[in-house]
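Visitor: All chains, please: the whole structure from these sequences, using the hints.
Same order as they appear, the protein sequences are chains A and B.
Going by this note's numbering, the first residue of the first sequence is number 103, and it counts up by one from there.
Going by this note's numbering, the first residue of the second sequence is number 448, and it counts up by one from there.
Just so you know, the hints here were simulated from the structure itself, not pulled from any lab data.
Check before you lean on any hint, since a few could be wrong.
Selected chain B positions facing chain A (Cβ under 8 Å, derived; list incomplete) [unchecked claim]: (1) Met448; (2) Lys450; (3) Ala459; (4) Phe463; (5) Gln470; (6) Ala473.
Have a look at the derived ranges for each label pair, beta carbon to beta carbon [to be verified]: (7) Ala462(B) x Arg239(A): 36 to 44 Å; (8) Gly330(A) x Ala508(B): 54 to 62 Å; (9) Gly377(A) x Glu485(B): 30 to 38 Å; (10) Pro513(B) x Asp117(A): 45 to 53 Å.
We put the beta carbon where it would ideally sit given N, CA and C, even for glycine.
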Amino acid sequence: MPEPARFLDVDDSPDALLEAFVERGWCDGLPIVPPTEERVRVMLAGADPARSLGPMPPLWRETRLETLGVNAVMAGCRPEYFPVVVAAVEAMLNPEFNLYGVQATTHPVAPLVVVNGGYGREIGLNGGSGCLGPGFRANATIGRALRLILMNVGGGWPGRYDMATQGSPAKFSYCIAENEAASPWGPLVEGDTVTVFGGEAPHNVNDHVSTTASGILTTMAHTAVTLGSNVGWYLAQSQLLIVLGPEHAQSIAGDGLTRADVQRFIYEHARLPLGTLKLGGMWGAQDWPAWMMALRDDDARPPRVPSPDDVLVLVAGGPGKHSSVVPNCCFSRAVSRRIAV
Amino acid sequence: MAKAGTPSALIATTAFQGMAVRQLAARGVAGLPLLVIEHPLGGERPEGIARRAHQALELLASLLPP
Numbered sequence: 103m104p105e106p107a108r109f110l111d112v113d114d115s116p117d118a119l120l121e122a123f124v125e126r127g128w129c130d131g132l133p134i135v136p137p138t139e140e141r142v143r144v145m146l147a148g149a150d151p152a153r154s155l156g157p158m159p160p161l162w163r164e165t166r167l168e169t170l171g172v173n174a175v176m177a178g179c180r181p182e183y184f185p186v187v188v189a190a191v192e193a194m195l196n197p198e199f200n201l202y203g204v205q206a207t208t209h210p211v212a213p214l215v216v217v218n219g220g221y222g223r224e225i226g227l228n229g230g231s232g233c234l235g236p237g238f239r240a241n242a243t244i245g246r247a248l249r250l251i252l253m254n255v256g257g258g259w260p261g262r263y264d265m266a267t268q269g270s271p272a273k274f275s276y277c278i279a280e281n282e283a284a285s286p287w288g289p290l291v292e293g294d295t296v297t298v299f300g301g302e303a304p305h306n307v308n309d310h311v312s313t314t315a316s317g318i319l320t321t322m323a324h325t326a327v328t329l330g331s332n333v334g335w336y337l338a339q340s341q342l343l344i345v346l347g348p349e350h351a352q353s354i355a356g357d358g359l360t361r362a363d364v365q366r367f368i369y370e371h372a373r374l375p376l377g378t379l380k381l382g383g384m385w386g387a388q389d390w391p392a393w394m395m396a397l398r399d400d401d402a403r404p405p406r407v408p409s410p411d412d413v414l415v416l417v418a419g420g421p422g423k424h425s426s427v428v429p430n431c432c433f434s435r436a437v438s439r440r441i442a443v
Numbered sequence: 448m449a450k451a452g453t454p455s456a457l458i459a460t461t462a463f464q465g466m467a468v469r470q471l472a473a474r475g476v477a478g479l480p481l482l483v484i485e486h487p488l489g490g491e492r493p494e495g496i497a498r499r500a501h502q503a504l505e506l507l508a509s510l511l512p513p
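Guide: Below, the structure written as structure tokens:
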């Protein structure tokens, strides 16, 4: 594969441009916006292009603002999205997030970016109907920019240094706003903030029947843990993200439950019997504290995350009786970062 | 560990050889011995794992300085 060039002369046609970038392994397979000097300059909006946020794994190459800007242009970002991209990269480079593990693992993990605060709404980030799907430029292109950065700066190219066995559609783009207006409990994080969560693609939670917190949260807890999930095997870094649809959230809050109550309920009920855990998954390779390793009763139900605080709860989506659970990869912890606006 | 003077080597399976080579270079220890074993390791039964571990240990010892 040719080495990256500082500048590239390409015929002025969309087809030639796409071919040139695909040939060099510089894109995700989808068409890109040409990252011309002028477009990158506008994207940076006066920020120092040489400023580095640090080395990015797995190839540990410097994360310069200019290269972030190039990838943001390629992804189709508007300049006002760029502060969100930068904040998300800063969050991913926090050692707690373990970006090396997230990038290089065989697990299908992708950084889910959750944006809180008024700035996200201002730039058009969607936290309502269909927010985890297509159709919203800010969601789609911020998420895509981050994927391009993870590939082109970090070197996380699938099959080479991103060793995901099957990968995930979440690796194309994975960015939402929280639907703060629909949350009975306030935002996941106060202020203009991004939170990155190393998660699988969302797992649907369908509950059209329950009208109580008990029913909805029981369905949620049942969906949250399965024998094939990564969550729980390396306990210390296992986390669950609960994305409640607004209607489920209202029903739960209507029974008087707080966010902390939801966290506690999921912590207590998203469990499997020891006898089930012994049937497969990563049994025998688990990294558990001594008290859990000492369990012998097959009916015992050890926790799958270290504490209720490791169940993150937010509200997103529109009308309907669906929520989702995003299990993490069990070797990364969520990190939040202020957006510099 | 290697930089601190502890004899060290990296073990990778064939499927991860390219990744291992790049990581050694990226971390400034490109000269570190690399032992490549057949992929996969997962799915081996315990007796197979023990046999392969012993084989790898012998090879590893031969790669490290006396």
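Visitor: Taking the earlier hints as the rules, which of them does this structure contradict?
Guide: Numbers 1, 2, 3, 8, 10 - these are the hints that the structure violates, sorted from lowest upward.
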